[in-house]
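**Q** Mapping of the sequence shown onto the working numbering: residues -16 to 116, in sequence order.
Hints in this document: simulated from the structure, not taken from any laboratory. Bear in mind that the values here come from a model prediction, so they are computed numbers and not experimental data. Some clues are possibly wrong.
Stated by the list, open to error - Below are the DSS-like pairs computed for lysine-lysine, each with C-alpha atoms no more than 27 Å apart in a straight line:
no.: 1; residue 1: K66; residue 2: K36
no.: 2; residue 1: K59; residue 2: K10
no.: 3; residue 1: K36; residue 2: K83
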Amino acid sequence: MQEQERLAKAGKIMSKQEVIKLFELHKAQWDKIQSLSTILWEDFPWPMFKRPKGPDDLTTPAINAYMLSPLHPSDKSTKDRIKDSLRKWHPDRFNHSLPKVKEEDRERVQEGAGSVVRTLNDLLRSSSHDVFS
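Model the full structure from these sequences, guided by the hints.
**A** See the structure below:
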């Protein structure tokens, strides 16, 4: 397991470089996931600094902290980054991957994705009030 994944899983305080590497890893995971024949819970780049063990770990504060981090690559505004994440997690697109999710993980992956979408929608609504640039 890569060091930044290990730290995120352990819930350790991550350095700036470790956070940036985690963002890069998550981007690569999205690219890789399409080519997998079987997808596990652990394969998804859940939008959190600490890898969730299940849907209950996907909390609003944890997702917001990840999404609002100033260490994201600066090629997009916060609002655009939220919209991009929403497109990835939205059921219309995300459900295409569900048949490839291992049977015993499928329900919790679907529940987890639902939690992510609800949190991202709330965050996007907040951004509509010009809270973010």
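**Q** Hint by hint, where does the structure go against what was stated? Just the numbers, ascending.
**A** none
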